[in-house]
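Turn these sequences into a full structure, and let the hints guide you.
Protein chains: 4
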Amino acid sequence: MKSNFPQANCIVEAVGEQSATVRRTIGFNELRPGGTVSGPVLMTIADYALYVAILGEIGIVSLAVTTSLTINFMRKPSPTKDIIAKCTLLKVGKLLVVGEVTLYSEGDAKAVAHVVGTYSIPQLT
Amino acid sequence: MKSNFPQANCIVEAVGEQSATVRRTIGFNELRPGGTVSGPVLMTIADYALYVAILGEIGIVSLAVTTSLTINFMRKPSPTKDIIAKCTLLKVGKLLVVGEVTLYSEGDAKAVAHVVGTYSIPQLT
Amino acid sequence: MKSNFPQANCIVEAVGEQSATVRRTIGFNELRPGGTVSGPVLMTIADYALYVAILGEIGIVSLAVTTSLTINFMRKPSPTKDIIAKCTLLKVGKLLVVGEVTLYSEGDAKAVAHVVGTYSIPQLT
Amino acid sequence: MKSNFPQANCIVEAVGEQSATVRRTIGFNELRPGGTVSGPVLMTIADYALYVAILGEIGIVSLAVTTSLTINFMRKPSPTKDIIAKCTLLKVGKLLVVGEVTLYSEGDAKAVAHVVGTYSIPQLT
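Protein chains in written order, with my numbering: chain A, -1 to 123; chain B, -1 to 123; chain C, -1 to 123; chain D, -1 to 123.
Bear in mind the hints are in silico, worked out from the structure with no lab data behind them.
Mixed in with the good hints there might be a few duds.
Intra- or inter-copy, both count: the list cannot distinguish identical chains.
Straight-line Cα separation of at most 20 Å, PhoX-like style, residue types lysine-lysine; simulated pairs [unchecked claim]:
| # | residue 1 | residue 2 |
| --- | --- | --- |
| 1 | Lys74 | Lys92 |
| 2 | Lys84 | Lys74 |
| 3 | Lys74 | Lys108 |
| 4 | Lys92 | Lys79 |
| 5 | Lys108 | Lys79 |
| 6 | Lys108 | Lys89 |
| 7 | Lys74 | Lys89 |
Structure (structure tokens):
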């Protein structure tokens, strides 16, 4: 799993028990006016971290889909540091998975954003 | 702070650094059909835990108001166990506080619900 | 359906196509310091409006349960006016229903709060 | 305002009283496995629609920042239709703006996703 998934431009750093850590390098394309990482980029990384944590828990479920996502932006991310996203699954049900993701600028202990997301697991019938 | 606040029917168990734990006894009035704790009761407890954690951090700010709250219900709470709510503040800014609360039926390590809330801190002008 | 459901202290005013309107009388028990309606009371009313709209759409499903709820508090409700909640269902799926609720102090066109909630529909197996 | 903002790849279709409509053409880069528009693309469009509606209401406030965003995904978007996002502001306060956005695949009356977002308005001091 520690490979680069091109579509999200993220690197999977770790997949553990109901958890995952992913990293995204930040460059010019990820910035917005004001010299900070854009909100949609943070949402993309968080969504990806949730997806990786779910894969690590229940295996490849390629049709798992996000059903909801709530993000709170808390601090201005550094424009020159990677974003590190740490995901913990809060519930792994048959139909629904709930997880949270905390996002950091690398090297700073204070989170830049927090996400709670839910994924629906498709049923084989 | 370890006193009983009658309006929320909650007991403050602990207030720490950017955190708080509160407890609510569950009785007939807190249940809904199906023999479980009603959702609004869980929201009330979470809102209260956030409020206590903020008081513990920045002192009495009687006009602090909740500006948003997102709750995910994850498991059916026990109708006979107290609800324990553990709050951690994620950001304590001048204008806005963000915190999360995880709710448990006492004695069960799996959370019954998870809340993210934001509080606005009124400015003295 | 236009009867009084004692558990939520709400009156169902209307149930239409994928919609519902409910009312709750506000008295001393619904207020918080500062002379306004407490947040948990608003959440309770919104949750109830969602439930009524779902009942109106798919019939009595007594085990339908709220899976998530996001509330944004926007204005201070009047302590002396009823709260009116207008719910519109955004999606009625087999497994999941999504709806929004806008809450008003009666007679004021500006909303006091806005809610998005999801309900899970239990599957008969 | 009816010009193309390159950074979000969106076209502003209309800006009205506390509202805005924007469009985004969908191509290969916006799709995910399963042949549907990716969630982060929908979040990006919604965030942009909110930003445009706020600009239309209070003028250029280049440092206005998203503080929270909740998205519910409701239906699978068409991979071959543009996404149309309709934003309505629910509250325009001095410090905080709250708005909702409903997202459609062009030509389909049923929404693919619904967003509630909050923006913080920086204070000049």
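Each hint tested on the structure:
no. : hint            : verdict
1   : Lys74 to Lys92  : between (37 Å within a copy, 15 Å between copies)
2   : Lys84 to Lys74  : within (18 Å within a copy, 27 Å between copies)
3   : Lys74 to Lys108 : within (10 Å within a copy, 32 Å between copies)
4   : Lys92 to Lys79  : neither (37 Å within a copy, 25 Å between copies)
5   : Lys108 to Lys79 : within (13 Å within a copy, 35 Å between copies)
6   : Lys108 to Lys89 : between (25 Å within a copy, 8 Å between copies)
7   : Lys74 to Lys89  : between (29 Å within a copy, 12 Å between copies)
In this structure, only the earlier hint numbered 4 is contradicted, and the remaining ones agree with it.
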